[in-house]
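Asks: Turn these sequences into a full structure, and let the hints steer you where they fit.
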Amino acid sequence: KAQKDSEPIFINGDPDADGISGTCVLVAGLRQLGFKTTYLFPIRPVEGHGIQVRIIDEAKKAGSKLIITTDCGTKDIQAVEYANSQGIDVIITDHHIIGSKLPSALAIINPNLDQTSTLLQHASGATVSLKFMQAMYHYLGVDFPDYLYEFGLMVSALGSISDRVSMLNPLNRLIVQHGVDYFFQSPREGIRAIRDVSITSKHLTKPRHLSRTVIPRLNAPGRIGNPAENIPDASLVVDLLLLGKGKRHKSKANQIKRQLEFVYDEEEQQFQDQRTATTSADDVDVINEKRKKLTADIEDEMDQLIEEQVNQMEDRIIILEGKDWNSGVIGIDADRLKERFLRPAIILNGSSDSEYVRGSARSIPRINVYKLIDSVESQFYEKHQRGLFEFEVSTGETSQVVSAFGGHSQACGF
Numbered sequence: 491k492a493q494k495d496s497e498p499i500f501i502n503g504d505p506d507a508d509g510i511s512g513t514c515v516l517v518a519g520l521r522q523l524g525f526k527t528t529y530l531f532p533i534r535p536v537e538g539h540g541i542q543v544r545i546i547d548e549a550k551k552a553g554s555k556l557i558i559t560t561d562c563g564t565k566d567i568q569a570v571e572y573a574n575s576q577g578i579d580v581i582i583t584d585h586h587i588i589g590s591k592l593p594s595a596l597a598i599i600n601p602n603l604d605q606t607s608t609l610l611q612h613a614s615g616a617t618v619s620l621k622f623m624q625a626m627y628h629y630l631g632v633d634f635p636d637y638l639y640e641f642g643l644m645v646s647a648l649g650s651i652s653d654r655v656s657m658l659n660p661l662n663r664l665i666v667q668h669g670v671d672y673f674f675q676s677p678r679e680g681i682r683a684i685r686d687v688s689i690t691s692k693h694l695t696k697p698r699h700l701s702r703t704v705i706p707r708l709n710a711p712g713r714i715g716n717p718a719e720n721i722p723d724a725s726l727v728v729d730l731l732l733l734g735k736g737k738r739h740k741s742k743a744n745q746i747k748r749q750l751e752f753v754y755d756e757e758e759q760q761f762q763d764q765r766t767a768t769t770s771a772d773d774v775d776v777i778n779e780k781r782k783k784l785t786a787d788i789e790d791e792m793d794q795l796i797e798e799q800v801n802q803m804e805d806r807i808i809i810l811e812g813k814d815w816n817s818g819v820i821g822i823d824a825d826r827l828k829e830r831f832l833r834p835a836i837i838l839n840g841s842s843d844s845e846y847v848r849g850s851a852r853s854i855p856r857i858n859v860y861k862l863i864d865s866v867e868s869q870f871y872e873k874h875q876r877g878l879f880e881f882e883v884s885t886g887e888t889s890q891v892v893s894a895f896g897g898h899s900q901a902c903g904f
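The opening residue of the sequence shown carries number 491 in the numbering used here; numbering runs sequentially from there.
Bear in mind the hints are in silico, worked out from the structure with no lab data behind them.
The C-beta atom is built at its ideal place from N, Cα and C for all residues, glycine as well.
Mixed in with the good hints there might be a few duds.
As the list claims (entries may be wrong) - Quick list of the computed label-pair ranges, beta carbon to beta carbon:
no., residue 1, residue 2, range
1, Y637, V847, 41 to 51 Å
2, D814, S590, 46 to 56 Å
3, P677, V632, 17 to 27 Å
4, V847, V632, 43 to 53 Å
5, Q522, Y846, 15 to 25 Å
6, R830, N602, 29 to 39 Å
7, D805, D636, 48 to 58 Å
8, F674, N602, 25 to 35 Å
9, Y637, K696, 23 to 33 Å
Claimed, not checked - With a straight-line Cα cutoff of 16 Å, these simulated EDC-like cross-link-like pairs (lysine to aspartate or glutamate) come out:
no., residue 1, residue 2
10, K550, D579
11, K591, E571
12, K813, E829
13, K555, E640
14, K813, E791
15, K813, E789
16, K813, D787
17, K551, D579
18, K555, E537
19, K591, D787
20, K813, E798
21, K813, D790
22, K591, E867
23, K735, E640
24, K526, E497
Replies: In structure tokens, the structure reads:
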């Protein structure tokens, strides 16, 4: 219907490397078919994850009647209801755990809906989006281009490495093996720029090397980006990865140069660069350094809070509550707490201007922290039936209470 009526399609991706990769697959695939496609991400330090009221409102203003998600949406019940009320259909592509109730989306493409065991149940969000695109081309009777297949495997590999999907799964092993090979061979201008800024040695060619070099740089803008504060968000990375090769794509690089303005304000210094594919990659590198400093600052404060809030001898789960931390990086610190104490860890982050607390949880392999939190959700409901896992989002025009709990057995947030 969108194709018949020439409607623009909005992509609402998760602002991490997996969601960024899935966004790239959807945008490249849809544009190849002639769709006008726009991609927007949650402002993670402010909005968190999932389908955003702000993005729904933007889609409506642009005349879009279809939003497709990638790596998110399975538990965004209220947000999907709001989209429907605005005359917008939602197609969800995701790989996160299914909740007790499903959103009223036009379609939900999530391998966890299948009651039988399949290889896709252990795939990344980007891989689910890639399979959706392949199925769509098949349905339309259009050949899936070789370049799109290679690009899809390449970014799906980055999403798989970022989300640490199981390499015991042969599907994931094949995607990572071939995708990493394509990554290092690709002549695409954006990929080449990411390689140049991230890979410091010709010997760093293994998937584990990418997890320490490329992946942090892909994640950084999504963690701390906020266009309202002149800090580029995850869209910057998509802009970069979508760049192809040749003169036409060099022209696109020049367009990005005019569009991207990046202001980096740490220690009262401003950096303004001319934008090409390479300098866009440099921006990602600079943002990653800022992310490291934010994480380190929180860790310093955590040491004091551990003394005050944690009984290291008896607590079976480490829970810390801080205030006014950057919500985009607390997952990293929760992961480090887990590694430090070899126990599940939850970081709660309060805000001076909100009654709600954001939480990020990480766990050890034998403990499913998602199921534990999900099992006690009903205990936190208030008399007005507003649960722990809800928060209010105001865009100036609309105000919605949005569900905000999701993730995996080893990593989730609320």
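Asks: If a hint holds in the structure, say so; if it does not, say that too.
Replies: A quick look at each hint next to the structure:
no.	hint	result
1	Y637 to V847: 41 to 51 Å	46 Å, holds
2	D814 to S590: 46 to 56 Å	33 Å, violated
3	P677 to V632: 17 to 27 Å	25 Å, holds
4	V847 to V632: 43 to 53 Å	48 Å, holds
5	Q522 to Y846: 15 to 25 Å	41 Å, violated
6	R830 to N602: 29 to 39 Å	31 Å, holds
7	D805 to D636: 48 to 58 Å	54 Å, holds
8	F674 to N602: 25 to 35 Å	32 Å, holds
9	Y637 to K696: 23 to 33 Å	25 Å, holds
10	K550 to D579	11 Å, holds
11	K591 to E571	13 Å, holds
12	K813 to E829	22 Å, violated
13	K555 to E640	30 Å, violated
14	K813 to E791	10 Å, holds
15	K813 to E789	13 Å, holds
16	K813 to D787	13 Å, holds
17	K551 to D579	15 Å, holds
18	K555 to E537	23 Å, violated
19	K591 to D787	39 Å, violated
20	K813 to E798	14 Å, holds
21	K813 to D790	14 Å, holds
22	K591 to E867	13 Å, holds
23	K735 to E640	14 Å, holds
24	K526 to E497	7 Å, holds
When each numbered hint is compared with the structure, violations occur for hints 2, 5, 12, 13, 18, 19.
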